[in-house]
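A.B. asks: Read off the chains here:
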Amino acid sequence: MIDSILLHRVQFAFTASYHYLFPQLTMGLALLIFILKTIGLRGNPWADAAARFWLKIFGLTFLMGVVTGIPLEFQFGTNWSQLVKSTGSILGQTLAMEGIFAFFLESTFLYLLIFGEKKLSRTAHWIVSFLLVAGTWLSGYFIICTNAFLQHPVGYRIDEQGVFHLTSIWALLSNPWAIKQYLHTMTGSVITGSFTMASIGAYHLLKGEHLEITRRYLSVAVIVGFVASIIAAAPTGDWEAKQVQKHQPVKFSAMEGHFHTEDGAGLVLIGQPNLEELKIDNPIVIPKALSFLTYDSWNATVKGLTEYDRDLWPDNIELLYFSYHIMAGLGTLFIALMGLCMLLLWKKKLYTSRTILWLLMLALPFPFIANTAGWFTTEIGRQPWLIYGLMKTVDGASKNISQGNIMFTLLGFMGLYLFLSVLYFFLATRIINQGPELLSIDQANPATEAGT
Amino acid sequence: MMETVWYILLLLMISTYLVLDGFDLGIGVLHLFLADNRPEQKQIIQSIAPVWDGNEVWLIAAGGTMMMAFPVFLSALFSGFYLPLTMVVWLLIFRAISIELPHYLSDSLWVHFWNIMLFVSSSLLIVILGAAMANVFRGVPLDQTGTFFEPLWTDFRIGTQTGILDWYTILSGMTSAVILLHHGALWLIAKTDGAVQQRSRRVASWLWDLTTGLTALTLLASYSVQPLAKASYASHPWILALPVGAILALIGSFLFRIKHHNMAAFLSSALFIYLVIFSGAAALYPNMLPSLNPEFSLTIYNASPPANELNTALFWWIPGIVLVGIYFTILFRSLPKTISTTASEEH
Chain A
58 MIDSILLHRV QFAFTASYHY LFPQLTMGLA LLIFILKTIG LRGNPWADAA
108 ARFWLKIFGL TFLMGVVTGI PLEFQFGTNW SQLVKSTGSI LGQTLAMEGI
158 FAFFLESTFL YLLIFGEKKL SRTAHWIVSF LLVAGTWLSG YFIICTNAFL
208 QHPVGYRIDE QGVFHLTSIW ALLSNPWAIK QYLHTMTGSV ITGSFTMASI
258 GAYHLLKGEH LEITRRYLSV AVIVGFVASI IAAAPTGDWE AKQVQKHQPV
308 KFSAMEGHFH TEDGAGLVLI GQPNLEELKI DNPIVIPKAL SFLTYDSWNA
358 TVKGLTEYDR DLWPDNIELL YFSYHIMAGL GTLFIALMGL CMLLLWKKKL
408 YTSRTILWLL MLALPFPFIA NTAGWFTTEI GRQPWLIYGL MKTVDGASKN
458 ISQGNIMFTL LGFMGLYLFL SVLYFFLATR IINQGPELLS IDQANPATEA
508 GT
Chain B
29 MMETVWYILL LLMISTYLVL DGFDLGIGVL HLFLADNRPE QKQIIQSIAP
79 VWDGNEVWLI AAGGTMMMAF PVFLSALFSG FYLPLTMVVW LLIFRAISIE
129 LPHYLSDSLW VHFWNIMLFV SSSLLIVILG AAMANVFRGV PLDQTGTFFE
179 PLWTDFRIGT QTGILDWYTI LSGMTSAVIL LHHGALWLIA KTDGAVQQRS
229 RRVASWLWDL TTGLTALTLL ASYSVQPLAK ASYASHPWIL ALPVGAILAL
279 IGSFLFRIKH HNMAAFLSSA LFIYLVIFSG AAALYPNMLP SLNPEFSLTI
329 YNASPPANEL NTALFWWIPG IVLVGIYFTI LFRSLPKTIS TTASEEH
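Line by line, the protein sequences give chains A and B.
The numbers in my numbering rise by one with no breaks, and the one at position 49 of the first sequence is 106.
The numbers in my numbering rise by one with no breaks, and the one at position 288 of the second sequence is 316.
So that you can see chain A by itself, here it is in the shape it has in the complex (with noise of 0.2 Å):
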């Protein structure tokens, strides 16, 4: 039974870190587009041509994202149907949410977005591109509180059969745990935008191409990046860790690498999990700061691993402490990258240095290692628990399915998504080649001729 649980566990950790790789990059790139518009009201057509441009991938990354997160919500009943069966009145009310409040959102307006631009005025133009941001962080919103009652329950009942009932749909949308979740993850979300929108900047400027309007969305975009990327670290990460540390302990010191407790704890900046022996090997460390991060006081206590029942520690420690350190890590250096090319935008170098250029414009696929990283310490991190505290991962997955079915859909969607990559690979290389173009708004005509 318990390699079913690992097949269900699979399926459901791979078609869901795919998907999201598709609607960071949305919902990023559809502030931007709207930062873009915001510009372009103002009289300046250079930002309507860029925003046009970005509007392409836009499309083309929303129907991957639309695509490969229809069989996230079949999961739930195909492969989690114990979760839905006594959850299903409380994680249904998000989910219908999102479906009714944002997916509709979406669906009308990004079509009147790429193909109203001709019809529209201007200002509304500019207030469909708004309505979208508004789907797109909606829609994220919904996810995060389906998410977050599993990480942090809250506004329910349990009772005498094992059932789940909401008893406040306010606390339910209110929790706390989603607030700070969602807003260290839309800052990620606007990291990858931006990172997107500079990297491919980069590539046109070192082209020599499409300079004009290159070189100023570029700096909006490192603009918004800088930003973001502060943001992420402190407040959002700061919150996010120190309630991490408050509500679900465990996997607090697993992803930190912290064994034993200890007054003045060290924070672990590189070394590998040694779990025979309960150390880190090969450690870097920064004394006493791990406890200056969580307590605000240099020599606070922190509660090591094994102060906790081991039936309690997650499963796969050492993915859990690499995947913690990898988003970690990934986001100082976009502050250092993003800080370093505001250096240079200030002082009028940032388009001609090649060698910031060279780096942002690898620095694409970071951003979404980094979310996908962020993901993985979330979710791998939760385990046993399939809702903290309450119910355990074994004792939500459908029971009645054997193992060859979910190899069968497994692979199925492990085809399909590679398939998918590589039409979206050839299909946005293409859009990325043509770039953006100054077009008077009676020529604005979209390579793509459907709506999404």
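Keep in mind that the hints were calculated from the coordinates and are not lab data.
Be a bit skeptical, because a hint or two may be false.
With a cut-off of at most 20 Å between alpha-carbon atoms, the simulated SDA-like pairs for lysine to any residue come out as follows [what the hints assert, rightly or not]:
(1) LYS456(A) with LEU113(B)
(2) LYS456(A) with PHE324(B)
(3) LYS456(A) with GLU178(B)
(4) LYS456(A) with PRO179(B)
(5) LYS456(A) with VAL231(B)
Knowing the structure of chain A, use the given hints to seat chain B on it.
C.D. replies: Coordinates of chain B only, in the frame set by chain A:
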């Protein structure tokens, strides 16, 4: 009482999905036969391109609503139909990209490939939708744990050993296919002009004959495979208004079409789909998923949470759906009244 309210709301969402995505699914199949050249092909696809995504959201929103209002039902249904539902997901993915991706490249092989994919995924989906509903209607081998797992097929007969595909579910799949093809053809008649409109009109004419014949056959079959249907219609004869209304709506779609009231014909077909779904649901009520052993059947009462939870949900659901109505009005009004081959070139 609250259970019944939510059951009706859920049925409304599912049938709205079938009515809206129904026409673009039907057109996904028909487009290969109704267009002679690339501009006509574009004209047909242009009639659904702006709306298919929003139409499909009804399925997702209905899924969320089902999870919220009838979690036990969703849990049994989705895990029991594990394989076919996962395949439905794959088909939905293929269909979505088949509609959107052709426009990124004008290479004729590329376009042709996606057109074939659109045809294949849409055809399989419309057959599966009907077969799925027939499975629910016929009943499944739910046991005392409230779960079941059916093989894809057994010997195609209906007995104690049911398979997902048997003669009844295949018949229903075929029926739903012709209903949705007819529905799609009526949308094309209403939204296009020229050669495409004329061909759609011809196709709609014989699709109407097929729809009428197969619907009659499926009605008789349904009445015979599900004893609950006899009991319901015998004890509450007034629900006969639903199937009778469905027949009138079907006749209406014929009359409006031959009189060239094209939009009215399409709306009649939409009403027909709504009433077919409600006729089936009324026959089972208050059962949602009948078991072959009636003791274990899921009803709207044992599949839903307590009424106060359902009550809470109405407070956000009603304003939510009003908003959705506004979006759809904006979206459908922003479409051109008639899509002609020249207009589709502009885009």
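A.B. asks: Tell me, in ascending order, the numbers of any earlier hints that this structure violates.
C.D. replies: 5
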